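Asks: Kindly generate the complete structure, drawing on both the sequences and the hints.
In case you want the letters, here they are:
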Amino acid sequence: MKLKTALLGAACALSFAPAAFADRGTDGEVKFTFPQAVSIMNPFLSSGTKDVYAASLVLEPLAGFDADGVIIPKLVTEIPTLENGGISADLTSITWKLLPDLKWSDGSPVTADDAVFTAAYCMDPAGGCAQLSKFDGVAKVEAVDASTVKVTFTGPKPNPYTAFVGALSPILQKAQFAACQGAAAPTCTDPNNMPIGTGPFKVTGFTVNDTVTLAMNENYRDPAKPAFASAVIKGGGDAEGSARAVMETGEFDYAWNTQIPPDSQASMTAAGKGEFVVAFGTLVERIEMNMTDPDPALPEGERATAKHPHPILSDIKVRTALSKAIDRQILSDVGYGAGGKPTCNVVPAPDAWASDNTGCIAQDMEGAKKLLDEAGWVPGADGIREKDGKKLHILYQSTVNPIRQDFQALVKDWWTELGVDVELKAIDPSVFFGGDAGSPDTFQKFYADVEMYANNSDGTDPETYLSQYQCVNAPSPENQWQGENMNRYCDPAYDAKVKVLTTTVDVAERQKIAKELNDMVTKDSMTVIPLVHRGTLSAHSNTLGGVKINAWDSEMWNVADWFRVK
Amino acid sequence: MLTFTLRRLLLAIPTLFVISLVIFLLVDLAPGSPMSEIPLTVPPDVRRKMIEALGADQPVFVRYVLWLRQFFWVEPATLFDGWFGTNWAGGEQRILSWQSRAPVFTIIGQRIPQTLTVIGTAYLVGILIALPIGIYSAYRQYSLFDQLGTLFAMIGFSVPTFFSGTLIIIIFAVTLGWFPTKYDTNLHVTDWASFVKQLQQMAMPVMTLGLANAAVISRYMRSSMLDNMGMDYVRTARAKGMSERVVVLKHVLRNSMIPVVTVIALGIPSIFGGAIITENLFGVNGIGAALIGAIHASDLPMVQTLAFIFAVLIVSFNLIADVLYGLLDPRIRYD
Chain A
1 MKLKTALLGA
11 ACALSFAPAA
21 FADRGTDGEV
31 KFTFPQAVSI
41 MNPFLSSGTK
51 DVYAASLVLE
61 PLAGFDADGV
71 IIPKLVTEIP
81 TLENGGISAD
91 LTSITWKLLP
101 DLKWSDGSPV
111 TADDAVFTAA
121 YCMDPAGGCA
131 QLSKFDGVAK
141 VEAVDASTVK
151 VTFTGPKPNP
161 YTAFVGALSP
171 ILQKAQFAAC
181 QGAAAPTCTD
191 PNNMPIGTGP
201 FKVTGFTVND
211 TVTLAMNENY
221 RDPAKPAFAS
231 AVIKGGGDAE
241 GSARAVMETG
251 EFDYAWNTQI
261 PPDSQASMTA
271 AGKGEFVVAF
281 GTLVERIEMN
291 MTDPDPALPE
301 GERATAKHPH
311 PILSDIKVRT
321 ALSKAIDRQI
331 LSDVGYGAGG
341 KPTCNVVPAP
351 DAWASDNTGC
361 IAQDMEGAKK
371 LLDEAGWVPG
381 ADGIREKDGK
391 KLHILYQSTV
401 NPIRQDFQAL
411 VKDWWTELGV
421 DVELKAIDPS
431 VFFGGDAGSP
441 DTFQKFYADV
451 EMYANNSDGT
461 DPETYLSQYQ
471 CVNAPSPENQ
481 WQGENMNRYC
491 DPAYDAKVKV
501 LTTTVDVAER
511 QKIAKELNDM
521 VTKDSMTVIP
531 LVHRGTLSAH
541 SNTLGGVKIN
551 AWDSEMWNVA
561 DWFRVK
Chain B
1 MLTFTLRRLL
11 LAIPTLFVIS
21 LVIFLLVDLA
31 PGSPMSEIPL
41 TVPPDVRRKM
51 IEALGADQPV
61 FVRYVLWLRQ
71 FFWVEPATLF
81 DGWFGTNWAG
91 GEQRILSWQS
101 RAPVFTIIGQ
111 RIPQTLTVIG
121 TAYLVGILIA
131 LPIGIYSAYR
141 QYSLFDQLGT
151 LFAMIGFSVP
161 TFFSGTLIII
171 IFAVTLGWFP
181 TKYDTNLHVT
191 DWASFVKQLQ
201 QMAMPVMTLG
211 LANAAVISRY
221 MRSSMLDNMG
231 MDYVRTARAK
241 GMSERVVVLK
251 HVLRNSMIPV
261 VTVIALGIPS
271 IFGGAIITEN
281 LFGVNGIGAA
291 LIGAIHASDL
301 PMVQTLAFIF
311 AVLIVSFNLI
321 ADVLYGLLDP
331 RIRYD
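Top line first, the protein sequences correspond to chains A and B. Numbering of the first sequence is given in the numbering used here, commencing with residue 1 and proceeding in unit increments. Numbering of the second sequence is given in the numbering used here, commencing with residue 1 and proceeding in unit increments.
Derived by calculation from the structure, the hints in this document are not laboratory data. For clarity, every value in this text was computed on a predicted model and none was experimentally measured. Where hints are given, some of them may not hold.
Said to hold, decoys possible - Calculated lysine-lysine pairs in the BS3-like style (CA-CA distance at most 30 Å, straight line):
{"#": "1", "chain 1": "A", "residue 1": "K317", "chain 2": "A", "residue 2": "K341"}
{"#": "2", "chain 1": "A", "residue 1": "K499", "chain 2": "B", "residue 2": "K49"}
{"#": "3", "chain 1": "A", "residue 1": "K273", "chain 2": "B", "residue 2": "K197"}
{"#": "4", "chain 1": "A", "residue 1": "K307", "chain 2": "A", "residue 2": "K317"}
{"#": "5", "chain 1": "A", "residue 1": "K515", "chain 2": "A", "residue 2": "K341"}
{"#": "6", "chain 1": "A", "residue 1": "K515", "chain 2": "A", "residue 2": "K548"}
{"#": "7", "chain 1": "A", "residue 1": "K387", "chain 2": "A", "residue 2": "K523"}
{"#": "8", "chain 1": "A", "residue 1": "K273", "chain 2": "A", "residue 2": "K341"}
{"#": "9", "chain 1": "A", "residue 1": "K369", "chain 2": "A", "residue 2": "K391"}
{"#": "10", "chain 1": "B", "residue 1": "K49", "chain 2": "A", "residue 2": "K174"}
{"#": "11", "chain 1": "A", "residue 1": "K523", "chain 2": "A", "residue 2": "K412"}
{"#": "12", "chain 1": "A", "residue 1": "K140", "chain 2": "A", "residue 2": "K174"}
{"#": "13", "chain 1": "B", "residue 1": "K49", "chain 2": "A", "residue 2": "K150"}
{"#": "14", "chain 1": "A", "residue 1": "K390", "chain 2": "A", "residue 2": "K412"}
{"#": "15", "chain 1": "A", "residue 1": "K566", "chain 2": "B", "residue 2": "K197"}
{"#": "16", "chain 1": "A", "residue 1": "K317", "chain 2": "A", "residue 2": "K390"}
{"#": "17", "chain 1": "B", "residue 1": "K49", "chain 2": "A", "residue 2": "K140"}
Replies: See the structure below:
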C-alpha cells in the first residue's frame, strides 16, 4: 500500500513537472557563479554585495522587498502599518509578530530574543557593524513576548521599515552569536562563515573567497520548498568568464553581476543557453560639478573649500552648456547596452519617486554653444573659448575602469567641439573611493573641476540619499574631508526642504518633495548631471525557472521558488 | 659545504627582517583603504567604526610589531597546538584577514593544494617539454626542428596568458565542450571518474602555463647546450670513440644542466606564488587569486603575510640552487 502511494505520488509529481510545485529537494543542485568571490556570510561585517547576496540564501530579515520594491512579510505574519496598529499613532514604534512555529535550520525555535540580540549585536559600538545605519534612530528593541518584537525610535520615524527589513538587516541566531558581540565579532570565524539561518538553504562548506556549498534547510517554513536539494556558489574570475559559464558552456545556472560590453552580451545571448536579466535599482552614473575652486595655487586648507567659489563652474550657464553637449543615449549604448538607460535624475526609480525630468536626454550642441557665448566665453584663436584672458579649461577625473574611460573620451569629444579644453584623469578606485584624508585623489577632496562616478540610494525611500546634498555634508578640512556632498552644493532652500521631508509621513507628499529635491540638484541648478541609469546585469540558464530579478532586495530574494525547467 | 650552508642560513635572518619591514611599509604606504569596496550608501561614521574594529587605525609600527609577534610566535604556536593538543598560543589573536575576518594561514592552507597541483603540474609539464626540445634543438642547430622549436618558444614568450588562456577556453570549452571553464575546488579524487574530472579541469590552465614555462626553459637549455657542444672535452670524448648518445646525454647534458637547474630552482617559489592571471581566468582560486583579491580589497594583513612568505621561499631556493651547484659540478666547493 505504502509503495503504491509512493509510486502514485511520484507519478503525480512527474505529471505536474515542470510546475513550480515540485516537492522539496527534488530538482538537484542549483549552481551560482559570482565574479567576486564570497568573503564572509555575515552581512553585518561586510557590506559587499557579493557577501550580502550569498548570505541571503541562509539568513532572512523579518520583511523584504519584492521585485517592484513593495515590502513583503518574510518571518512575520503581516507588515505592520498604521491601519493595523503595528505602527504606533505617534510613529515612534513598530511591532512585528513572528510567524508561529518558526524554526532555525538546526531545529531550535526562532524567538523575539533573537531579534533583540541582533539589534544589540549591530549597535555594539566596538563591533564595527557595517549596517549600523539600518538601526539609525532606534532607541530600543525589546521582546514583548516570545513572538513579538517591538522597535522603539528616539522620535517619530516616517519610514520605520529599516531595522530587520531587507537582505542588509537579517536576523542572527542568538545562541550561535552570543559570544561574538562587540570586539569579538571579527574573530568568530566559524559563525561568520557558517551562520545558522531560517532561509531555504544552510551552509555546509565555506572556503574563503572561493566556494560556498549549501544544502536545503529541512526546517524551512514551507514544507514544499526549496525545489533544489543543494546549492553551490563559486566565486572568482571576471564578469566575462561568469557570463560565459552560464550563457555559452552551461556549466552554471545563475551568474550575478555579469556587466560585460554590449557586443559580448549579444554574441553570448546568440548561443541560446540562457538569458540576461537586468535589475534597475537607483544606481546612476553621473558627472558631479565642483562648486569650489580646486586651483593648486590656493593654500592647502582653502583649496576646494567654500571660501573660494569655482571661477568657471559657478556660472549656471556653463554647467548647463556642459550638460546639453552630452548625448546620453550614445553613452548608455556604448557602455551598458541592455544594462543601462539614459537619465536626467539622481533618483531614477522607483517610478513613484522619480521626477518626470527628461529635458536633458536630447543632445543640443548649438544651444550649448549659444549659452557659452552668452556667458562671455568666446572662441579664441586656437578654438578654445576664453574670457578675460582665461582659457576654458576643465579637469575631468574618474576611476580606472574601461567603461568610464570610454565615457571620458566621448564626453571630451563633445566638450572639445564646444570649445572647452578638457584634461582627463583616471584614478585607481581603491584610492578614489578610499576616503584617505591624506590623499589628494579621493572623490571627497575633489581636486578637479568635474568628476564622474556612480552612486545610489539605499532602498526605495531616497530620504537619506537626498539629504547628502545639504550644506553641512560638504567635505572640508574641518571634517577631515568626510561627507557626501562632493559638489559643496549649498542652498538653504534645499536644506529646508530636506527638513520637511524628514518629518513628512504621507507617502504621496514624501514622493512630491523628493521629486522637487531631485530637480533642485539636477535641472534647476545643474550641480549634478546624471548620465546613465545603470542596472545590474545578471545571467541565468534557460533551465532555471522562477527567477524574478529584484533591485530592491537580494537578487536571490525568492530562491525558495526557483526550480529546474525539465 | 656545511659551514657555507650554515653561514648562508644565519645571514638569511637579518635579510628576512629587513625584507619584512620593507614589505610592511611599502604595502602600508601604498594608497588605498580597506573601506574602498564598501558601497557609498554606508555613511562615513559607520566606515570609521568599521576601520576601528579592524584595528586598521593603529600606528604602522604598532601593527608591525604585532604582526611580527603573530607571525613568528602565535602562528607557529597555533600550528604546534593543532598537532599535539598543547596550549602554547593561549587563544591569542592570529593574523586575521580584513576582508574575510578569517585567519590568513587558514586561507593559505585552503589554497595551497590547488596552486601546487595546477601550477606545479604546469611547471613539471613545462620542464618535460622544454628539456628534449632544448637538447635536440642545440644538437641539430638551424635544422627545421630547431626553427620550429624557436617559433614555439617565441609564441610562448610573447603571447600573454590572458590571451592564450582565453583562446584555449574558446577552443576547448566553448566550441569543443571538452573541459569546464571553472575549476571545482571541492572536487575530491576518490575514484577513476573523479580522477578523470580532475584531469579535465586541470587541462586548460596547465596548457596555458605549461606553454609559457616550456618556452623559457627550452631557450636556456638550448643555449647552454650550444655553449658546451664546442668545448674541447666534447671533442676528446668523441675522439675516444664514444657513441653520440653518451657524448650528448652524459657529457654535454650534465655540464649544460648547471645554469638550467638554477633557472628551474629559482622558478619553484613562483609555483607557490601561484599565477595571478591564469588562476583568475580559470577560477582555480589558489594563492595568486588570493593575492590579487587581497590587493584589490586593500587587505593588508593578507598581502603582507603572502609577500613575506614569498620572500622566505625565494631566499631558501636561492640557497638550494647554490648547494645543487656543488652536487652537479664537483669543482665547485665553497669551503
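Asks: Now tell me if each hint is right for this structure.
Replies: We went through each hint and held it up to the structure:
For a cut-off of 30 Å, the pair hint linking K317(A) to K341(A) stands: about 26 Å separates their Cα positions. Note on K499(A) and K49(B): the hinted pairing holds, with a Cα-Cα distance of about 27 Å set against a maximum of 30 Å. Of the pairs offered as hints, the one joining K273(A) and K197(B) holds, with about 23 Å between alpha carbons and a cut-off of 30 Å not exceeded. Between the alpha carbons of K307(A) and K317(A) the distance comes to roughly 22 Å, so the proposed pair stays at or under 30 Å and holds.
With a C-alpha separation of about 19 Å, the suggested pair K515(A) and K341(A) falls inside the 30 Å cut-off, and the hint holds. This hinted pair checks out: K515(A) and K548(A) have alpha carbons roughly 28 Å apart, not beyond 30 Å. Of the supplied pair hints, the one linking K387(A) and K523(A) holds, its CA atoms being roughly 25 Å apart against a limit of 30 Å. Restraint check: the Cα-Cα separation between K273(A) and K341(A) comes to about 26 Å, which is no more than 30 Å; the hinted pair holds.
For the hint linking K369(A) to K391(A), the alpha-carbon distance of about 15 Å falls within 30 Å, and the restraint holds. This hinted pair checks out: K49(B) and K174(A) have alpha carbons roughly 23 Å apart, not beyond 30 Å. Of the supplied pair hints, the one linking K523(A) and K412(A) holds, its CA atoms being roughly 21 Å apart against a limit of 30 Å. The suggested pairing of K140(A) with K174(A) holds, with an alpha-carbon distance near 17 Å, which does not exceed 30 Å.
Of the pairs offered as hints, the one joining K49(B) and K150(A) holds, with about 27 Å between alpha carbons and a cut-off of 30 Å not exceeded. In summary, the hint linking K390(A) to K412(A) is supported, as the alpha carbons are separated by about 19 Å, within the 30 Å threshold. Pair hint K566(A) plus K197(B) holds up; C-alpha atoms about 25 Å apart against a cutoff of 30 Å. For a cut-off of 30 Å, the pair hint linking K317(A) to K390(A) stands: about 17 Å separates their Cα positions.
Restraint check for K49(B) and K140(A): satisfied, since their Cα atoms lie roughly 20 Å apart, inside the 30 Å limit.
Of the numbered hints given earlier, the model fails none.
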